[in-house]
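Now for the letters of each chain:
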Amino acid sequence: MTTPHFHLGDEVRDALSRGRPVVALESTIIAHGFPYPDNLEMALAVEEEVRRAGAVPATVAVLDGCLRVGLSRAELERVARSPDLPKASIRDLPVLCALGRSAATTVASTAQVAAWAGIDVFVTGGIGGVHRGWEQTLDISADLPALARLSLVVVSAGAKTVLDMAATLEYLETHGVTVLGYGTEVFPGFYLRSTGLPVDARIDSPAEAAAVLRARRALGLPGAVLVANPIPPDDALDEGEFNGWLAQAEADLAAEGVKGKAVTPFLLARLHALSGGRTVAANRALVMNNARLGAAIARCLVGLSA
Amino acid sequence: MTTPHFHLGDEVRDALSRGRPVVALESTIIAHGFPYPDNLEMALAVEEEVRRAGAVPATVAVLDGCLRVGLSRAELERVARSPDLPKASIRDLPVLCALGRSAATTVASTAQVAAWAGIDVFVTGGIGGVHRGWEQTLDISADLPALARLSLVVVSAGAKTVLDMAATLEYLETHGVTVLGYGTEVFPGFYLRSTGLPVDARIDSPAEAAAVLRARRALGLPGAVLVANPIPPDDALDEGEFNGWLAQAEADLAAEGVKGKAVTPFLLARLHALSGGRTVAANRALVMNNARLGAAIARCLVGLSA
Amino acid sequence: MTTPHFHLGDEVRDALSRGRPVVALESTIIAHGFPYPDNLEMALAVEEEVRRAGAVPATVAVLDGCLRVGLSRAELERVARSPDLPKASIRDLPVLCALGRSAATTVASTAQVAAWAGIDVFVTGGIGGVHRGWEQTLDISADLPALARLSLVVVSAGAKTVLDMAATLEYLETHGVTVLGYGTEVFPGFYLRSTGLPVDARIDSPAEAAAVLRARRALGLPGAVLVANPIPPDDALDEGEFNGWLAQAEADLAAEGVKGKAVTPFLLARLHALSGGRTVAANRALVMNNARLGAAIARCLVGLSA
Ligand SMILES: [Mn+2]
Ligand SMILES: [Mn+2]
Ligand SMILES: [Mn+2]
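If you're matching them up, the sequences are chains A, B and C in order. Position one of the first sequence corresponds to residue 26 (the working numbering), numbered consecutively onward. Position one of the second sequence corresponds to residue 26 (the working numbering), numbered consecutively onward. Position one of the third sequence corresponds to residue 26 (the working numbering), numbered consecutively onward.
Watch out, some of these pointers could steer you wrong.
You can't tell identical chains apart in this list, so a pair holds if it fits in one copy or across any two.
Claimed, not checked - Taking lysine to aspartate or glutamate pairs in the DMTMM-like style, the calculated list, with each CA pair at most 20 Å apart, reads:
| id | residue 1 | residue 2 |
| --- | --- | --- |
| 1 | Lys-286 | Glu-198 |
| 2 | Lys-112 | Glu-36 |
| 3 | Lys-286 | Glu-275 |
| 4 | Lys-284 | Asp-35 |
| 5 | Lys-286 | Glu-195 |
| 6 | Lys-286 | Glu-233 |
| 7 | Lys-112 | Glu-210 |
| 8 | Lys-112 | Glu-266 |
| 9 | Lys-284 | Glu-198 |
| 10 | Lys-284 | Glu-195 |
| 11 | Lys-112 | Glu-195 |
| 12 | Lys-284 | Glu-210 |
| 13 | Lys-112 | Asp-89 |
| 14 | Lys-112 | Asp-277 |
Keep in mind that the hints were calculated from the coordinates and are not lab data. Keep in mind the model is a prediction, meaning the values are calculated, not measured.
Generate coordinates for the entire structure from the input sequences, incorporating the hints supplied.
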């Protein structure tokens, strides 16, 4: 797709036109995941990790009504310095384009823009999913229907930590997303290596992930291949300790009466404080780990060695 | 699409072939919304309001197995005099076509037929949505997946009044429908100007609605732009008063043991009686208001001034 | 679709290329529905019933990474002798193809493979649906979105017996699947002739089912026509008796603490034992009955007399 509202960075355009491996990255984690300048440093480090693993990073954001794939250093800095930048899901993209606005992209909108750009691999920390309490609210992330519809590999360390994990996996099963465990039979738990819930199938190499996406496309099947990549053992949090922090954070949430969209940021900030920063360190480690795996899968998809 | 089962009225065919603005209208409100002859009078008045605002009305119905877009006076009269006419959702259309039957069209089926006809704007009173009690019944209107799939602007004063409004908005968010508030940041409440729930974005002109649909299409994104247009202040009901009628109507519902598809008509009839006809007057006012806005958006979409 | 991973049996290829009627059949019932050799005997009997009714049977399975449509006697035998063969839904197909594995196909994956092969009719016993307890688990079969998306006639005696039937019908309504009762206004209950829940429309001939699918396609509407065919009166179980067995089976389930994917097989095995084999006899009878109707519809779709 080329419209006036769509722009590929030079490095990304060059890579795509030459059939070189490209890995898409979201910008919500930059704008909202960490404070400045830690967020900029991390964005640059993740891009560097993708390059070191032999692929080209393509961070996605919407700036002044233009869908940008592959940000310059100045654009990354702009996103990192904009804590008020709204978070845009897929349905917001036409509004931003039509009205000339800016936003950070979520898992759903990054995957959508990546698919439009012809990028086959998208690396994130954790996908959105079915929210706890969905049986009262019907609050289900737009990330899930996006994964059911878009044809690409998404690498994550599981789903964001404050979701109903079992219901999230049921949704993915109902809607036909292939969920592969990388070196594991169980779906990973973001900061933890396991949720105890089974994945659809286990793979043990980047080439297998690439082969499954290729088969999906050869069959003409819409929808994503979700590669669930557990946090490295040395970076994983202790389950008992983490559950203690989470219980405390949820008690604080109830005590302060936080509701709606403020819930997730509140819980993450509390987890950060209660863990003395260990949740943030783990988050960084798992994103770097996913960046390496995503680059390797992207290489396999264009016929290079992982 | 042209098949033996599809027929455009002369005025509609002429307008579409000349690139003139057209606004689709549903027929369920005619067959089931009001008694004869009030329903016929209102159908004619809404069509007239669309014309006065510079667009061509295209009321949709299925008559003797034929999908009709743009009804003659005699056809409108036939629908208005048929309280037993079934209500057809999208999945019923092939049955009606195959078996030569007649039906009034819902939001979902009107939007579908409009999209097939190449009509870009559909005006209704309120869309269907997630029914209260969905957490036991899974009762969710086929209008919602239709909005997620069809590419057009739908103008409504919110959703039908007896729904779980928060869950309806969650569904629209999950499935990527762009929800724009016309001159408001909050989703309107049909008879009331506000539900207190936020919309995706606010717009302040018909041209902005048209630009968002155009951007959606330029991006190749399926799905509708829902323009939520609050009832005019002078026509809105008083919230406290309305909630009193609604509570009474629901008590009567429970007392009489009404269930299933009979619930909505029962509640609407009780609201009519309890309010001394003020719910019906408000309903008429909001539909006329939507007709004017829909015509203006349709004009913008074909390059005319609103 | 032709890829290295797709293979039509000779009889099926010949029939499709000559425009002769073909009926797809699933393999999960062979691998998991009955013990060997009863399952092989039944698979052969169902195929024979399709042939006797003037159509060509096309049993679907995945063998060594190849999607096979129309199994040889040796392949049927292999499936029948493999109680450990996994059950593959649509999202598993690319994994099986990519990694060269084998599996039996469910309703969803059989319908998908049939659609790819250009087969217009699929016969099964009962479709999957919304599981009881979905309001806690969100457990909804991938069969339902498959029916909402794939264009073919599916003949079944209702849905599998251990589901939330009302919620299953709500899902089908929301997502636009046309549900036709064959000679009935009520959705059948697998072993029983009625669930007491209404269907979308009643038909009384195979030609009407064929006409509805043709209309769906002429309209460009995605999604299936589900023909709900009640078990023949002489084969139906007694409702009171059946409900007693079911209550006992559920009590045993609770007592033994069975959970998750083991629930359905456990219940079916208990029903078999408690009924002295009468549930199995009824299951066989309804599949044979569906095979006859499916063949008649397939004949109508290619312009032959039913
Ligand atoms: Mn949400
Ligand atoms: Mn409903
Ligand atoms: Mn399930």
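Hints, verified against the model:
Within a single copy, Lys-286 and Glu-198 get their C-alpha atoms only as close as 26 Å, which misses the 20 Å cut-off; across copies the closest is 13 Å, which meets it. Taking the shortest alpha-carbon separations for Lys-112 and Glu-36, neither the intra-copy value of 25 Å nor the inter-copy value of 44 Å comes in at or below 20 Å. In this assembly of identical chains, Lys-286 and Glu-275 lie within 20 Å of each other by CA distance solely inside one copy; the values are 15 Å within and 31 Å between copies. For a Cα distance limit of 20 Å, the shortest separation of Lys-284 from Asp-35 qualifies neither inside one copy, at 42 Å, nor across copies, at 53 Å.
In this assembly of identical chains, Lys-286 and Glu-195 lie within 20 Å of each other by CA distance solely across copies; the values are 12 Å between and 23 Å within a copy. For the homomeric pair Lys-286 and Glu-233, neither the shortest alpha-carbon distance inside one copy (37 Å) nor that between copies (26 Å) is at most 20 Å. Proximity of Lys-112 to Glu-210 under the C-alpha cut-off of 20 Å is restricted to the inter-copy arrangement: shortest distance 17 Å between copies versus 33 Å within a copy. In the homo-oligomer, the alpha carbons of Lys-112 and Glu-266 never lie at most 20 Å apart, since the shortest distance is 31 Å inside one protomer and 38 Å across protomers.
Proximity of Lys-284 and Glu-198 under a CA criterion of 20 Å is satisfied inter-copy only: 17 Å between copies versus 29 Å inside one chain copy. With identical chains, the CA atoms of Lys-284 and Glu-195 are at most 20 Å apart between copies only, with a shortest distance of 15 Å across copies and 25 Å within one. For a Cα distance limit of 20 Å, the shortest separation of Lys-112 from Glu-195 across copies, 16 Å, qualifies, whereas the shortest one inside one copy, 26 Å, does not. With identical chains, the CA atoms of Lys-284 and Glu-210 are at most 20 Å apart between copies only, with a shortest distance of 19 Å across copies and 35 Å within one.
When the C-alpha separation of Lys-112 and Asp-89 is checked against a cutoff of 20 Å, the pair qualifies only within one copy, where the shortest distance is 14 Å, while the shortest distance between copies is 45 Å. In the homo-oligomer, the alpha carbons of Lys-112 and Asp-277 never lie at most 20 Å apart, since the shortest distance is 25 Å inside one protomer and 44 Å across protomers.
Against the hints set out earlier in the document, violations occur for numbers 2, 4, 6, 8 and 14.
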